[in-house]
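Visitor: So the chains spell out like this:
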Amino acid sequence: MKRTAINLLLIIVAFTIQNCVFPLIPFLSASPNLLLILTFSFGFMKGQRAGMFYGVLAGILLDLFYSGPFGFYTLFYVYVGYVNGICTKYYYEEYITLPLVLSVFNELAYNLYVYVFRFLIRGRLNVLYYLKELVIPETIFTVVTTLLIYRLLLYIGRWLTEFENRRDTTIV
Amino acid sequence: MESKHNRYILAGLTVVCIALIGITMVTDQWLEPLRTGVGYVLIPIQSGVNKVGVTIYEQLSDYGKLKGAVEENRRLQEEIDRLIEENNRLSSEQFELQRLRELYALDQQYMQYQKTAARVIANDSGDWFQVFRVNKGSADGIQVGNNVLAGGGLAGIVTDVGAHYATVRSIIDDSSRVSAMALQSGDTCMVGGDLTLYKEGRLSISDIKKDGDVKDGDRIVTSNISTTYLPGILIGYAADITVDSNQLTSSGYLVPVAEFNNLQEVLIITDLKEIQDPAGGEP
Chain A
528 MKRTAINLLL IIVAFTIQNC VFPLIPFLSA SPNLLLILTF SFGFMKGQRA
578 GMFYGVLAGI LLDLFYSGPF GFYTLFYVYV GYVNGICTKY YYEEYITLPL
628 VLSVFNELAY NLYVYVFRFL IRGRLNVLYY LKELVIPETI FTVVTTLLIY
678 RLLLYIGRWL TEFENRRDTT IV
Chain B
24 MESKHNRYIL AGLTVVCIAL IGITMVTDQW LEPLRTGVGY VLIPIQSGVN
74 KVGVTIYEQL SDYGKLKGAV EENRRLQEEI DRLIEENNRL SSEQFELQRL
124 RELYALDQQY MQYQKTAARV IANDSGDWFQ VFRVNKGSAD GIQVGNNVLA
174 GGGLAGIVTD VGAHYATVRS IIDDSSRVSA MALQSGDTCM VGGDLTLYKE
224 GRLSISDIKK DGDVKDGDRI VTSNISTTYL PGILIGYAAD ITVDSNQLTS
274 SGYLVPVAEF NNLQEVLIIT DLKEIQDPAG GEP
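Protein chains in written order, with this note's numbering: chain A, 528 to 699; chain B, 24 to 306.
Treat the hints with care, as some may be off.
Derived pair list, reagent style SDA-like, types lysine to any residue, alpha-carbon separation capped at 25 angstroms [as the list claims (entries may be wrong)]:
(1) B:K222 <-> A:L639
(2) B:K27 <-> A:L639
(3) A:K573 <-> A:D695
(4) B:K88 <-> A:D695
(5) B:K233 <-> B:Y260
(6) B:K232 <-> A:Y618
(7) A:K573 <-> B:K74
(8) A:K616 <-> A:I676
(9) B:K222 <-> A:Y640
(10) B:K74 <-> A:I538
(11) A:K616 <-> B:Y63
(12) B:K233 <-> B:D263
(13) B:K222 <-> A:F549
(14) A:K573 <-> B:A34
(15) B:K222 <-> A:K616
(16) B:K222 <-> A:R649
(17) A:K529 <-> B:S199
(18) A:K616 <-> A:F549
(19) A:K659 <-> B:S198
(20) B:K74 <-> B:F152
(21) A:K659 <-> B:S199
(22) B:K222 <-> A:I648
(23) A:K529 <-> B:L290
(24) A:K659 <-> B:S227
(25) B:K222 <-> A:A636
(26) B:K74 <-> B:L290
(27) B:K27 <-> A:Y618
(28) B:K88 <-> A:V548
(29) B:K222 <-> A:E660
(30) B:K222 <-> A:R651
(31) A:K659 <-> B:F152
(32) B:K27 <-> A:V610
(33) B:K88 <-> B:V77
Covered stretches of chain B (chain A as the covering partner; in silico rule of three or more C-beta atoms under 8 angstroms from a C-beta of chain A) [claimed, not checked]:
(34) 111–117
(35) 169–177
Partner residues aside, some chain A positions facing chain B, computed with beta carbon under 7 angstroms [stated by the list, open to error]:
(36) T543
(37) Q575
(38) L591
(39) G598
(40) L602
I should point out that these hints are in silico values taken from the structure, not numbers from a laboratory. Think of the CB as a built atom: it goes at the ideal place given N, C-alpha and C, for glycine as much as any other residue.
Bound conformation, chain B alone (with noise of 0.2 angstroms):
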């Protein structure tokens, strides 16, 4: 008797989890109040535990780096002495081209967005899936959509917002694509993470059309045709591209600029691409 209520409530169960997955395929939209109500009680124990774990873990590894930290000094009073140097020739460069882009009156597309700092707060363990989440939500301004940088680069993107947490979705995940294109030549491509490259510490660049000209090493940025990544912010830099079999496209790898193995802080700008078309290519 006990085992076939049992199988009563298995099958009641599973029913609801299908129906709710294919509810959420659709649209996850009400399911936002609930996110953010679990958010209120799980947000101060993770920030918590993540506090005293980063606590713990940068006083021991604080002692490992002193010892390093001499000689490291000296060669970075080198370094500076070097690119006081190198400044002082660029600032008189920086002049010229402020001159010459006031006389093209091009005023400065990029790096002009709006931005506020988060901190990691909760990664994924598995291996699986590469998304972590952040201790700023939809109270400060960030929205799905929101693009994510870290150490210079592009990081992620937010996937879904609560009251004060956010959850985002790192490039370097297996099913993130992001259309690029090639700061030089203005190529556009594809990149996408890929669960075997990750490792390997890089990403795939795919669909270079075959006459387009991406040389190794030549800068990738976020696209000005991509729906839902804002334009020109770097990614990484290429590497090994080659012709595909078919002989239509080229692709190869990508090296990314932001650092993922130990990320903590993030930088998410506010600002959403404005045009949103929500039958776009990539989520």
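Excised from the complex, chain A in its bound form (with noise of 0.2 angstroms):
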């Protein structure tokens, strides 16, 4: 209980950090996906039902920002949360390298799931262009920022259950 309200108010946070914090910084060029790394690090270590569950937060918080056609996002973040899940079974504490790799072809999934969705559709064709203005730089910055979040994420774990540890304990 207590866990998921503090993934939701992480969820809350990394979405307003996104788009309030974010943009102000002048020499940010490109600006990590703090809502993909949170949603994929929750579907590799807790499974696939959590991760479909923020997944399907972030995604509805996405579509609320935007005035696209609502569940655009919500539908790409609920699969992020399920095929990430898939891979819980190789999760443990300190392998950091698996997430790193995720985190990268997740990046790609989203950026090739809005250029198709969004551009391709109207004809945009400069796929190069995108690549390397975009996707690319996008791409760089997450995966760095993944190594952060992540760290928190399990520190926050950490921390969790040693609280709980601890109540338990003075309770008996």
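Mind assembling these two chains? They're in different frames, but the hints should get you there.
Guide: Given below as structure tokens:
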């Protein structure tokens, strides 16, 4: 229960930072996709169902922000949670390589999704330009940020476990 | 067993999302209560974070600017002297204009719109779309389709509204299309955002008739025939106009007046264009 509340809070904070803080930083030519990082991390750490749950939340926030067809982002984020949830069997705490690889794939898939459904269908064919100017910088930023966020999530998880254990012992 | 359940949930969610996408492509009126409800929670957070961010950013940049300020001050003083002189000249011409206008019984059609100022509280951080959110909404009289100005020029259009926020799509967004005309010749054209031009700070102009008289540096304003944009709002200046390969139309670039890099305050025109054509060509 407490974990869910904290994760919810994290998603809202990530959304706010992504929309209100990053655009203010002038030298940041691209910015990491925090919601994507959180969604796939939850999927990877906690399994498919949790991944889908947080995917829905992150997607709805984004869908409410943009005024395109509602459900566009939700659909993608649900799949991010689900697919990354498959890898949960390889999850153990200190294993950072797989999350980084996943982060690259998720970021590429996200950009491909946006490109195909919002740009390609309007006949924008300049793939190389988009790849060079948008996709690659954003992917790099996201991967670097994944390193930090993933550690943060592990730390929070460990702290919560410790907290719960201590409470149990005092009751007993 | 667990994974089978998950697959059902995934399938269910997929169907719901696709259905929602389908429905909201036709109409998203019914979403407004939901958007407003979530807005009540999110907007105070966004405004607060934005305020803190802006304060810190301004303090940092103020310090940096101080160094350049002395030099700038001297330059501006010269500018003021020049402008005072120019102003004297212009105000005498203004009287003449006034007189002539009355003579022609032309009322000042432009720039008499009701406006309200709003603060930008959230931007899209990803690079794919140029949309932003402001802190005024339907409670302040803002409606979907209102035009948004910044820095003396057209900046965008309101695409959805909650009680205390509105989402604005900039004219530099890749999907933005504005029906426009050249102020001098009255030739109509289309001003479109283009992601590949956005980093150079340009928009594209297309569909100028070949014999149309649009030259580099011409003022481009919103046209009378636009369904969603009020007429006569300055968008920017034409540049590099060339004849297309089909020999029927010309196209080129537009340098916008509004500065999009660091939008903080915008003006929203609360008047709607009266002829709302539901089948209008531009969204």
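Visitor: Output the indices of the hints that this structure fails to meet, ascending.
Guide: 2, 4, 6, 7, 11, 15, 17, 18, 23, 34 and 35
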